[in-house]
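Asker: Given next are the chains, with one letter for each unit.
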Amino acid sequence: DQQVKQNSPSLSVQEGRISILNCDYTNSMFDYFLWYKKYPAEGPTFLISISSIKDKNEDGRFTVFLNKSAKHLSLHIVPSQPGDSAVYFCAASANDYKLSFGAGTTVTVRA
Amino acid sequence: EAGVTQFPSHSVIEKGQTVTLRCDPISGHDNLYWYRRVMGKEIKFLLHFVKESKQDESGMPNNRFLAERTGGTYSTLKVQPAELEDSGVYFCASSNSRHTDTQYFGPGTRLTVL
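Note that the protein sequences, when read in sequence, are chains D and W. By my numbering, the letter at position 60 of the first sequence is numbered 61, and the numbering carries on one by one without gaps. By my numbering, the letter at position 102 of the second sequence is numbered 859, and the numbering carries on one by one without gaps.
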């Protein structure tokens, strides 16, 4: 019944390289997608979002891509920095306020 | 501007006891949400308040959970009686009016039921 899936539980990347996080969804009614970042013992922090009418949104080092036909979105972080080490959650909503989250991907940026 | 705050940060109780979690949203935010993360899995929606009214409580697991939002300000989530499977991290979030407005999360309350 999980409608948002992050199939990679972890990702390790070298500092300065690109991090690519993937997310798949099943609900075709989702029209708004977000990425949140979470450090240990803290709540999720909003990172970037994209509406279903777009296929790309960029904010500094972070870019989110949306492929509606494949029901897939990805988050690119470039260049990766040590402070990017955290858990990243993909989330989606369907013209309502309820967010459906994936299980998260733990990113480790190696020096 | 103060963020979303939650109290307590941790709670350890025995099965059958009662626990009340509190959330103070960002001032002026009409929308308040409760979510839960169990065993490192996905974060799951529990319910949504608009001011003092429950807008959507489709995620509430069962009638052992009771949420209130007095006067449309802070909210409480009571679990009575607590069961082992209620253990997890309970997050509160708040947002402005539109459904695309960012939901700002609190630090969470880690609940352990023994």
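Hints in this document: simulated from the structure, not taken from any laboratory. Hints are not guaranteed to be accurate.
[Unchecked claim] Subject to a maximum C-alpha distance of 16 Å in a straight line, what follows is the list of computed EDC-like cross-link-like pairs (lysine to aspartate or glutamate):
id, chain 1, residue 1, chain 2, residue 2
1, W, K798, D, E59
2, W, K835, W, D787
3, W, K801, D, E59
4, D, K69, D, D25
5, W, K808, W, D787
6, D, K69, D, D32
7, W, K772, W, D787
8, W, K811, D, D32
9, W, K798, W, D781
[Claimed, not checked] Listed next, the stretches of chain W that the computed footprint assigns to chain D, with coverage defined by at least 3 CB atoms under 8 Å from CB atoms of chain D:
id, region
10, 818-827
11, 862-868
Quick caveat: nothing in here was measured; it's all calculated off a predicted structure. Where a beta carbon is used, it is the ideal one built from N, C-alpha and C, also for glycine.
Asker: Can you confirm whether the C-alpha distance between W/K798 and W/D781 stays at or below 16 Å?
Answerer: 25 Å, violated
Asker: Are three or more residues of the region 862-868 of chain W within 8 Å, CB to CB, of chain D?
Answerer: n = 4 at 8 Å, threshold three: holds.
Asker: Taken at face value, is the distance from the CA of W/D787 to the CA of W/K808 at most 16 Å?
Answerer: 5 Å, holds
Asker: Does the alpha-carbon distance linking W/K772 and W/D787 stay inside the 16 Å limit?
Answerer: 34 Å, violated
Asker: Between W/K835 and W/D787, is the straight-line Cα distance small enough, at 16 Å or below?
Answerer: At roughly 21 Å apart (the allowed maximum being 16 Å), W/D787 and W/K835 break the hint.
Asker: How does the coverage statement for the region 818-827 of chain W fare against chain D, requiring three or more residues with Cβ below 8 Å from a Cβ of that chain?
Answerer: With 0 residues close enough to chain D, the hint is violated.
Asker: W/K798 and D/E59 were given as a pair; does the straight-line alpha-carbon distance stay at or below 16 Å?
Answerer: Judged against 16 Å, a Cα distance of about 28 Å means the pair is violated.
Asker: Has the given pair, W/K811 with D/D32, been kept, meaning a C-alpha gap of at most 16 Å?
Answerer: It is violated: about 23 Å lies between the C-alpha atoms, which goes past 16 Å.
Asker: Check the hint pairing D/K69 with D/D32 against an upper bound of 16 Å on the C-alpha distance.
Answerer: 10 Å, holds
Asker: Assess, step by step, whether the Cα of W/K801 is no farther than 16 Å from the Cα of D/E59, and give holds or violated.
Answerer: 27 Å, violated
Asker: Compare the distance between the alpha carbons of D/K69 and D/D25 with 16 Å, and conclude whether the hinted pair is satisfied.
Answerer: 10 Å, holds
Of the hints listed earlier, those the structure fails to meet are numbers 1, 2, 3, 7, 8, 9, 10, in rising order.
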